[in-house]
Amino acid sequence: DVKVTQSSRYLVKRTGEKVFLECVQDMDHENMFWYRQDPGLGLRLIYFSYDVKMKEKGDIPEGYSVSREKKERFSLILESASTNQTSMYLCASSPQDRKNQPQHFGDGTRLSIL
Amino acid sequence: TQLLEQSPQFLSIQEGENLTVYCNSSSVFSSLQWYRQEPGEGPVLLVTVVTGGEVKKLKRLTFQFGDARKDSSLHITAAQTGDTGLYLCAGAIWNTGNQFYFGTGTSLTVIP
Numbered sequence: 065d066v067k068v069t070q071s072s073r074y075l076v077k078r079t080g081e082k083v084f085l086e087c088v089q090d091m092d093h094e095n096m097f098w099y100r101q102d103p104g105l106g107l108r109l110i111y112f113s114y115d116v117k118m119k120e121k122g123d124i125p126e127g128y129s130v131s132r133e134k135k136e137r138f139s140l141i142l143e144s145a146s147t148n149q150t151s152m153y154l155c156a157s158s159p160q161d162r163k164n165q166p167q168h169f170g171d172g173t174r175l176s177i178l
Numbered sequence: 024t025q026l027l028e029q030s031p032q033f034l035s036i037q038e039g040e041n042l043t044v045y046c047n048s049s050s051v052f053s054s055l056q057w058y059r060q061e062p063g064e065g066p067v068l069l070v071t072v073v074t075g076g077e078v079k080k081l082k083r084l085t086f087q088f089g090d091a092r093k094d095s096s097l098h099i100t101a102a103q104t105g106d107t108g109l110y111l112c113a114g115a116i117w118n119t120g121n122q123f124y125f126g127t128g129t130s131l132t133v134i135p
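Protein chains in written order, with my numbering: chain A, 65 to 178; chain B, 24 to 135.
Accuracy of the hints is not assured; some may be wrong.
Which residues of chain B face chain A? A few of them, derived with a C-beta cut under 10 Å, are [to be verified]:
(1) Val51
(2) Ser53
(3) Phe125
(4) Thr127
Simulated from the structure, these hints should not be mistaken for laboratory data.
If you're wondering where the values come from, they're calculated on a predicted model, not measured in any experiment.
A virtual CB, placed ideally from N, CA and C, is assigned to each residue, including glycine.
Can you make the complete structure from the sequences, with help from the hints?
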């Protein structure tokens with residue numbers, strides 16, 4: 065079974081801090097994704113990556129950056145955290161070789177910015 | 024603006040009742056997936072539909088992809104408490120690789 069592991073289930077940070085959310089997958093997937101989930105808005109894509117050192121902006125990249133130095137690891141960075149970034153963050157991965165492959169999700173990080 | 028709108032946003036029903044969840048868009052999708060998410064966990068794939076008009080069944084769950092590939096529905100027969108969760112549709116648009124656009128979600132509660 066695919067395992068996507070997010071480093072923290074709950075995280076509390078202060079406004080202005082630099083925040084790192086880590087995600088690791090163990091199935092050698094090329095694609096990795098970061099979403100934020102808010103009630104009534106579903107999942108919104110922040111950034112995704114098709115390969116090591118490659119990154120593409122999603123629908124809501126403002127205030128975020130990402131890093132993919134190794135295939136299995138995809139990090140989301142909040143450069144200067146703000147209260148409107150309080151949310152549930154979900155990481156996902158999928159293989160690139162076939163179409164319509166499911167995305168495999170981690171269990172999420174609930175981030176609170178005070 | 025969300026690309027995919029789901030309705031209803033919240034649904035609370037008695038065990039044994041039937042229900043339908045809708046996923047609508049003005050965009051055409053190459054395929055559409057349905058996920059279920061339980062509290063404290065990430066979404067898990069239920070089904071993928073790829074052909075306009077396609078119907079797929081998963082035990083008591085029936086999924087349909089619209090003829091024009093712009094909408095989908097999920098019908099649950101004789102709901103059980105184990106069906107409780109957040110249901111999300113996600114559509115893929117041609118030539119966007121493996122990027123899926125997620126719907127707004129339907130939170131289902133089945134009361135015993």
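Which numbered hints are broken by the structure, listed smallest first?
1
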